[in-house]
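Using the hints, position chains B and C against chain A.
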Amino acid sequence: MSAKQTTTSAAFLATLKRDLLIAIKKKNDIVNPFMFFIIVVSLFPIGISPESDRLREIAAGVIWISVLLASMLSMDNLYRSDYEDGSLEQLLLSPHPLFFLVLAKNISHWLVSGLPVVLVSPLLAYMLNLPAQAYGTLILTLLLGTPIMSLIGSIAVALTVGLGSRGLILAVITLPMSVPVLIFGTLAVQSTLNSLSPLGYLSLMLVMLSVAISLAPLASAAALRISVN
Amino acid sequence: MWLWFSKLGSPKWFYELSGRWLPWLTAAMIIFMTIGLVWGLLFLPPDYQQGFTSRILIVHVAVAGTSLAFFPLMFVAGTITLVWKMKLADMVAKNAAILGAWFSFVTLATGSLWGSVMWGTWWEWTDSRLVSMLFQLFLLIGVISLRSALEDSETAAKACALLSIVGCINVVIIKYSVEWWNTLHQASSPISTDSSSPNGPEFWIATLIMIVAVYLFLSVSLILATRNEILERERRSQWVRDLVLKS
Amino acid sequence: MLTAHRLFCARDDRVLFKNLNLELSEGQIMQLRGSNGSGKTTLMRILCGLNDSYEGSIKWYGQEIADQAVNFFSSLLYIGHRVGVSKVLSPVENLRWSCSLKQRVDDEAIYRALAEVGLRGFEESPCYTLSAGQHQRVSLARLIISPARLWVLDEPFTTLDAKGVAQLENLLQRQAQAGGAVLVTTHHRLNIPELTVLSLG
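Protein chains in written order, with the working numbering: chain A, 132 to 360; chain B, 950 to 1196; chain C, 61 to 261.
Chain A with its partners taken away, still in its complex shape (with noise of 0.2 Å):
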């Protein structure tokens, strides 16, 4: 029995690819998120003004909100479908830990929701007027904080996964929980703008994903045991 059971590397890796494997296979997923994100960030300058000016001051919160707002749509479907089909008992039945299952859901999550988001937002910045020095700020904090929302957002996904008509009650959960990030991914990309280091700003954030990824999984799995009760 031992010769032929898995390594725990293995078994995340083979989740890890079945679920890249799946979104790959439903492009809808991806791609819908990813179009409202952009579509959410051209809307602001015909609401707010056009003048160049106003829009540099909005662009990194508007470009840190939009991502948030797309986040929570492409949140929806990372347990739904394995929680309709059965495959999430087999998850939770499986001999490994799950914090490491778990893990390479959000990852693969991440990579096909929140890596496309980093990758398109300095053509947006551009289109927002933000001055060229700060696009890389936007981008690192982009990369720390995605993760962040990712992790966050798996807890409240498997709290409310079992809910027939879930609604926005996932938003209501999860967007109050996204403050911190976005202060400290707005007031990075300000304080570049204001000719001042990040680093700080950039810091603190990576203190908060490591934190998230070592302790949101945890609660991810807890939350996943609870729902498939």
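I should point out that these hints are in silico values taken from the structure, not numbers from a laboratory.
Heads up, a few of these hints could be off.
Stated by the list, open to error - Okay, derived cross-link-like pairs now, DSSO-like style, lysine-lysine, Cα gap no bigger than 27 Å in a straight line:
(1) K961(B) to K1034(B)
(2) K158(A) to K148(A)
(3) K148(A) to K147(C)
(4) K156(A) to K147(C)
(5) K1036(B) to K961(B)
(6) K158(A) to K147(C)
(7) K1036(B) to K119(C)
(8) K961(B) to K1124(B)
(9) K1036(B) to K78(C)
(10) K119(C) to K1034(B)
(11) K1195(B) to K1036(B)
(12) K223(C) to K147(C)
(13) K961(B) to K78(C)
(14) K119(C) to K78(C)
(15) K157(A) to K147(C)
(16) K78(C) to K1034(B)
Quick look at chains B and C alone, frame taken from chain A:
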């Protein structure tokens, strides 16, 4: 110790004990509340800077201080629910979330009432305490709506317990990050929070009395709500039937 | 190998079962019977460790399952109402993942198992093109691949045709002969000689 703990978890035991305590707590609450309100709102000498407005602050500070107790309370109750599966902890947590939302709301209301006189505006983003209280309110509403969305009461209990624990950690982080965010924007704000705390020993004594009164009010309402919850959830058990027949 | 002692479970004030004792030993096939809503599924999920809202003790070879989750989970194969087959993936991709959660498996074994359950030619087609019965067959292929000693199957017969039913009955008996144990719920009359029946409700 263990015996004591499991006894404490029994709803029946809690119902009987709290029934004995309730009159005393209520009496103490009425006394403190009367002294605090009558003295604080009617007789306290006006502050030299703020005038009579400082009297609102007595209520505001007391309610605000109490509001901060809810998430730690729910954190403890949530841990007990998840680790020892104690039903009583969940009944307390359920009502704590609702009461906490009301307390946060009253804090915001009295805060902006005071702000409207002192600062000339009902809402001020540069006051970090108001902003973090707002987000505490949002988080509590999240917990309440999660409970109402989940149908199975046991799943709801555990899910809310977990969310309360996560929420409590988050509230602390939000509080500090909002404060930080604020100090950086303070420069552009015409309001300085330093002048907002009036001095004078009478003021502090009145506030202290009011804080005790509000804490007593919190305990009494939490106990009353929990007793209701116990009767509702245990309605099929023998002791509740006996109780109803007796009355 | 699996013993449950004085199980009690209530769902929202309704007692599903109380003082329930169960003993499953090697080579045994046990069928759970009971009307709808009698708690068959709940009992199975409790025994698997998916549901923890019960009182009583469940032991695996004399030790509480909660104390040896890793050991217990690696000897358990559970197939529920929802069979754990993702619609977007093909049968092979599904099995690669669900088997690798428990044991190392090569593609050859997967193809062989799929052929055995009659899915030759469907290995690479996405599962949304397959019927419900074929989904069930994908999950049955796991029974062939898995070395798990304990099978817990919730209504595995519902969507199968006559041939599939016979094949599954055959599989169950093979498992019992090999020293494993099976816990199964079904409304079918099982064509298995040495069957233990536990009635609920």
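Which numbered hints turn out to be false for this structure? 8
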